[in-house]
Every structure is written in structure tokens, then in C-alpha cells.
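Asker: Sequence:
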Amino acid sequence: MKKIIEAAPVIRDAQGWYEHPDLPPFDEGDAAKFKEWIDAQGLEVQRVWMDGDAPDLAERYLEGDGDPSALVDWQPTAPGPGWFLLALYDEENDGPVAWFARRASAAQ
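The opening residue of the sequence shown carries number 1 in my numbering; numbering runs sequentially from there.
There could be a bad hint or two in this list.
[To be verified] Derived DSSO-like pairs: lysine-lysine, alpha-carbon spacing no greater than 27 Å straight-line: (1) Lys3 to Lys35; (2) Lys33 to Lys2; (3) Lys35 to Lys2.
[Claimed, not checked] Here are the computed distance ranges between Cβ atoms for each label pair: (4) Ala8 to Val72: 14 to 24 Å; (5) Asp30 to Asp56: 18 to 28 Å; (6) Gln15 to Asp51: 30 to 40 Å.
Just so you know, these hints were derived from the structure itself, not from any lab. For each residue, glycine too, the CB sits at the ideal point set by N, CA and C.
Using the sequences provided together with the hints, build the complete structure.
Answerer: In C-alpha cells form, the structure reads like this:
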């Protein structure tokens, strides 16, 4: 039987990054595998970008050489009730992002 991912305590590293302990490792080009896993888990996912969620922190993080503590300070806002954090990191070209998930049945 496959392991069903559920909410877990969010323990971020020194840089402020987080990866859910039950999230399989996916490489940058694994979008199809990630979608397949999301579907098999019965999840829907939503990204929350720092620049939209916490513009002051995003400005602090992105200006000049950047202030890495801004990512540590960011507490991303879940899209709503029932969402849990899958990952939080800095996408190379797009900036800091938090990936949230919830059971697809919770959306109905």
C-alpha cells in the first residue's frame, strides 16, 4: 500500500527552506512524475509566492545582494483551511515559493 502524505510538523533548515518528510525526491525535469504522484495521492496543490504574500520580505530578499534572513522570516499564508505545506524554497528564476497541498475531496 502506498503511503498517503498528510500534514507534518514544519521544521525548516537554517536557510528557511522546508521539504515535507514524505515528499519523494523530484528533479527539476520531473514535472510529469510530480503530477502523477499528486494525482495518485488525491491532492491538489497551490503555490504561494513570497512577492505576493509578503512583498516587504520579498523586496528585502531580492534587493541588492539580498537578505537571506527574509526567507527565514517568511511565514507563508496557506490558501485556506485544510492546506498543508509540502515545500518552501527559492526557485532559481522566480524567487521564494511555498507549495501547499490538500486532499482534492476537500475542495468539493
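Asker: Take the hints in turn and mark each one as holding or not.
Answerer: Verification of the supplied hints:
1. Lys3 to Lys35: holds (16 Å)
2. Lys33 to Lys2: holds (15 Å)
3. Lys35 to Lys2: Judged against 27 Å, a Cα distance of about 16 Å means the pair holds.
4. Ala8 to Val72: 14 to 24 Å: Holds, at about 19 Å.
5. Asp30 to Asp56: 18 to 28 Å: violated (33 Å)
6. Gln15 to Asp51: 30 to 40 Å: Since Gln15 and Asp51 have Cβ atoms about 18 Å apart, the given range 30 to 40 Å is violated.
Hints 5 and 6 from the list above are not met by this structure, while the remaining hints are.
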